[in-house]
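Chains A and B supply the protein sequences, listed in that same order. Its first residue numbered 1, the first sequence is counted upward by one per residue in my numbering. Its first residue numbered 410, the second sequence is counted upward by one per residue in my numbering.
Be aware that one or more of the hints could be misleading.
In the EDC-like style, the derived pairs of lysine to aspartate or glutamate whose C-alpha atoms are separated by at most 20 Å in a straight line are [as the list claims (entries may be wrong)]: (1) A:Lys263 / A:Asp274; (2) A:Lys184 / A:Asp198; (3) B:Lys548 / A:Glu277; (4) B:Lys471 / A:Glu240; (5) B:Lys473 / A:Asp348; (6) B:Lys471 / A:Asp278; (7) B:Lys468 / A:Glu244; (8) B:Lys468 / A:Asp278; (9) A:Lys276 / A:Glu240; (10) A:Lys51 / B:Asp447; (11) B:Lys473 / A:Glu301; (12) B:Lys468 / A:Glu240; (13) B:Lys468 / A:Glu366; (14) A:Lys180 / A:Asp348; (15) A:Lys110 / B:Asp447; (16) A:Lys110 / B:Glu439; (17) B:Lys473 / A:Glu366; (18) B:Lys473 / A:Asp120; (19) A:Lys180 / A:Glu194; (20) B:Lys471 / A:Glu277; (21) B:Lys473 / A:Glu240.
These are computed hints drawn from the structure, not numbers from a lab.
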Amino acid sequence: MKHRFLIVGLLLLFGLSSVWAQTEPPVVDSMVVDSTELFPAAVSDVQVVDKPNDHGHAVIVTWETSADDGGGKNNVLRYEIFYSTSFDGPFDSVGAVPAGTGEFRHIGSKEPLDSAFVPDYTDLFYQIDAVTADPTIRTTSDVLGPVQCSGQWFNTGRIPVLVAVLIFGLLTAFFVLSAKRGKKLYVRPIGGIEAVDDAIGRATEMGRPILYVLGLGSAADVATIASFTILGRVAKRVAEYQTELIVPTYDPIVMSVAQEVVKSSYFDAGRPEDFKEDCVHFVTQSQFAYVAAVNGIMLRELPATCVYMGKFFAESLLLAETGSLAGSIQISGTDEIAQIPFFIVACDYTLIGEELYAASAYLGREPKLLGSLKAQDWAKAAFVALAIVGLLAANFEWFEFTTLFQVID
Amino acid sequence: MRQQIPLLITFIVGTLLIVSVFIPPFGDLETTFNIWFDIIAVFAFFLGGGNLLRVHINKLRKRKRDWGFSIVTIVGFLVMLIAGLFKIGNPGDIASAVDAPGSLFYDIFNSVQYPLSATMYSLLAFFVASASYRAFRAKNREATLLLIAAFIILLGRTPFGVMLTYWVPDSTSLLQIPNLAIWIMNSPNLAGQRAIMIGIGLGVISMSLRLILGIERSYLGGDK
Chain A
1 MKHRFLIVGL
11 LLLFGLSSVW
21 AQTEPPVVDS
31 MVVDSTELFP
41 AAVSDVQVVD
51 KPNDHGHAVI
61 VTWETSADDG
71 GGKNNVLRYE
81 IFYSTSFDGP
91 FDSVGAVPAG
101 TGEFRHIGSK
111 EPLDSAFVPD
121 YTDLFYQIDA
131 VTADPTIRTT
141 SDVLGPVQCS
151 GQWFNTGRIP
161 VLVAVLIFGL
171 LTAFFVLSAK
181 RGKKLYVRPI
191 GGIEAVDDAI
201 GRATEMGRPI
211 LYVLGLGSAA
221 DVATIASFTI
231 LGRVAKRVAE
241 YQTELIVPTY
251 DPIVMSVAQE
261 VVKSSYFDAG
271 RPEDFKEDCV
281 HFVTQSQFAY
291 VAAVNGIMLR
301 ELPATCVYMG
311 KFFAESLLLA
321 ETGSLAGSIQ
331 ISGTDEIAQI
341 PFFIVACDYT
351 LIGEELYAAS
361 AYLGREPKLL
371 GSLKAQDWAK
381 AAFVALAIVG
391 LLAANFEWFE
401 FTTLFQVID
Chain B
410 MRQQIPLLIT
420 FIVGTLLIVS
430 VFIPPFGDLE
440 TTFNIWFDII
450 AVFAFFLGGG
460 NLLRVHINKL
470 RKRKRDWGFS
480 IVTIVGFLVM
490 LIAGLFKIGN
500 PGDIASAVDA
510 PGSLFYDIFN
520 SVQYPLSATM
530 YSLLAFFVAS
540 ASYRAFRAKN
550 REATLLLIAA
560 FIILLGRTPF
570 GVMLTYWVPD
580 STSLLQIPNL
590 AIWIMNSPNL
600 AGQRAIMIGI
610 GLGVISMSLR
620 LILGIERSYL
630 GGDK
């Protein structure tokens with residue numbers, strides 16, 4: 001009986017409360033008032049300037065974020081940027097940045113027919129909207145401008161790079177001229193390069209071929225070009241010793257260049273009749289299919305020496321370990337930092353980083369090439385000295401020195 | 410003459426590209442030259458395919474050692490070429506992508522080439538193990554250092570490493586194995602990598618100057 005009264009009482013309570021809730025018009029009014037209060041504060045201190053050190057057609061817009069961005073009502077979600085060539089509009093959206101951001105780079109196209117074209121030497125006007133989660137609730141800033149963008153003839157942000165290139169160029173010219181005048185230049189020995197001759201001799205004695213892998217780089221990569229020059233020296237020795245050379249390639253252009261390099265080396269060695277065009281051949285442009293093919297050659301032909309020079313990626317260890325299984329002497333060189341440890345572990349000699357580029361000059365022993373090598377060593381010494389001074393300057397807060405080397409893009 | 414013209418082209422293009430780094434109106438030159446290179450590279454694919462066929466047909470004709478593999482290569486090459494050229498089984502029209510899902514080209518690529526590549530790549534795990542075994546044998550001082558560093562990093566990246574040294578007080582938190590592993594990677598390892606990168610940067614500039622100035626020309630082959 002008591003339970004019945006309780007249930008009826010609860011039902012009455014719910015009924016009355018629902019009637020009371022429906023007869024509460026002031027709440028609706030206050031909601032309308034609240035929605036107008038949801039509009040965020042506009043951005044302030046907006047500045048528009050031409051983007052420096054570029055070819056024009058670009059403007060940098062900066063502003064102080066809205067008071068409701070990260071504070072106040074905290075309801076700003078993003079800022080939308082609009083631009084027009086007239087103060088009165090119409091304004092077109094050119095992009096948006098998330099809340100908390102106070103800068104937008106309007107990089108336009110320089111092609112007049114492109115929809116993103118931004119004209120140079122024309123008045124441009126900007127507006128910034130502080131937008132909430134509901135895109136209809138937004139606050140637009142005042143119209144800003146005019147600003148005109150234009151191109152510059154020199155990128156002053158890259159002056160430190162220009163100075164470094166000029167100094168290095170002058171150093172190279174100085175040492176090349178010194179070498180041409182007959183000055184003896186000492187170049188530190190590089191173990192991996194000195195081993196090349198021994199490795200070719202070993203192949204001759206064993207009557208087994210030499211495998212030369214140019215890597216996965218294209219003919220436009222500096223590492224591959226360096227590898228061509230080393231291939232030229234190796235091929236010349238191979239021709240002199242009448243050993244077999246196998247060069248499987250990954251790229252058809254690399255194949256064509258390598259064929260020319262090997263052919264000319266056989267000519268230089270006075271044995272053009274020994275040159276076989278098929279010794280340099282194309283395999284495939286699929287990374288792991290290439291590895292499978294080269295590994296197959298290694299295990300079938302059992303080369304006495306494997307040389308890996310150029311650009312290598314995940315295949316470096318697959319190749320070098322298979323070469324090791326085949327019992328070959330292995331010499332490697334790459335400028336891919338991630339692959340250097342694999343080569344060091346699996347090969348007998350490894351040219352680390354810049355030694356790959358030095359190899360051709362070192363093997364050639366031509367004074368002009370050795371001169372550039374000497375300049376490279378001096379530049380490296382200068383970098384070490386600058387790094388030490390920079391370390392001290394940063395620790396002692398001597399920022400005049402550290403900012404000297406800052407490159408601004 | 411066969412060397413002079415390429416050397417002249419190398420000098421002009423190289424100099425222009427260096428200048429374009431500092432002169433903003435020339436900033437798009439690199440993209441333009443890359444497009445030209447890509448156009449030339451397309452023709453080289455005929456060269457590559459032709460060479461592949463020639464080498465393997467020669468091998469087959471002369472019944473050289475392992476000539477059976479050449480049959481597989483030639484058949485594989487021709488089947489893919491025909492499947493791609495004639496868009497066999499391609500659900501779209503002539504303008505559709507050569508590797509559209511459902512085409513013979515797509516099916517062969519995904520059923521044969523893709524798993525074979527994955528197999529080759531997975532071999533890397535075993536090769537890493539065998540190479541690590543050789544590298545970490547403490548034969549000399551450097552190899553011992555390598556072994557210790559590798560051991561700390563391996564341990565520092567496992568829950569066991571955390572468990573071993575969690576009791577080390579915060580004042581000496583560097584001695585906790587995970588923190589020690591992070592320190593090795595971020596300090597000595599990164600410093601070494603940056604040193605190599607500076608060397609590579611100088612090497613690239615030096616090599617580029619040699620090429621632009623025509624000092625290094627062995628990549629052009631001979632005059633013969």
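Do the hints match the structure? See the list:
1. Simply put, A:Lys263 and A:Asp274 have alpha-carbon atoms about 9 Å apart, close enough for the 20 Å limit, and the pair holds.
2. With a C-alpha separation of about 25 Å, the suggested pair A:Lys184 and A:Asp198 falls outside the 20 Å cut-off, and the hint is violated.
3. Between B:Lys548 and A:Glu277 the alpha-carbon distance is near 44 Å, which puts this suggested pair outside the 20 Å criterion.
4. With a C-alpha separation of about 27 Å, the suggested pair B:Lys471 and A:Glu240 falls outside the 20 Å cut-off, and the hint is violated.
5. Using a Cα cut-off of 20 Å, the hinted pair B:Lys473 and A:Asp348 is violated, with the two alpha carbons roughly 32 Å apart.
6. With a C-alpha separation of about 13 Å, the suggested pairing of B:Lys471 with A:Asp278 holds against the 20 Å cut-off.
7. Between B:Lys468 and A:Glu244 the CA atoms are separated by roughly 17 Å; this keeps the pair inside 20 Å, and the hint holds.
8. For the hint pairing B:Lys468 with A:Asp278, the CA-to-CA distance comes to about 10 Å; that is within 20 Å, so the pair holds.
9. Our distance criterion of 20 Å between C-alpha atoms is met by A:Lys276 and A:Glu240, whose separation comes to about 14 Å.
10. Of the supplied pair hints, the one linking A:Lys51 and B:Asp447 is violated, its CA atoms being roughly 32 Å apart against a limit of 20 Å.
11. Among the hinted pairs, B:Lys473 with A:Glu301 is consistent with the structure: their alpha-carbon atoms are about 13 Å apart, no more than 20 Å.
12. Restraint check for B:Lys468 and A:Glu240: not satisfied, since their Cα atoms lie roughly 26 Å apart, outside the 20 Å limit.
13. Of the pairs offered as hints, the one joining B:Lys468 and A:Glu366 is violated, with about 40 Å between alpha carbons and a cut-off of 20 Å exceeded.
14. As the CA atoms of A:Lys180 and A:Asp348 are separated by approximately 35 Å, the hinted pair breaks the 20 Å bound.
15. For the proposed pair A:Lys110 and B:Asp447, the alpha carbon gap of about 24 Å is over 20 Å, so the pair is violated.
16. A distance of roughly 16 Å separates the Cα atoms of A:Lys110 and B:Glu439; the hinted pair therefore holds under the 20 Å criterion.
17. Proposed proximity of B:Lys473 and A:Glu366 is contradicted: the alpha carbons are some 41 Å apart, above 20 Å.
18. For a cut-off of 20 Å, the pair hint linking B:Lys473 to A:Asp120 is broken: about 68 Å separates their Cα positions.
19. As the CA atoms of A:Lys180 and A:Glu194 are separated by approximately 24 Å, the hinted pair breaks the 20 Å bound.
20. For the hint linking B:Lys471 to A:Glu277, the alpha-carbon distance of about 16 Å falls within 20 Å, and the restraint holds.
21. The straight-line distance between the Cα atoms of B:Lys473 and A:Glu240 is roughly 26 Å, outside the 20 Å bound, and the hint therefore fails.
Consistency with the previously given hints fails for numbers 2, 3, 4, 5, 10, 12, 13, 14, 15, 17, 18, 19 and 21, ordered from lowest to highest.
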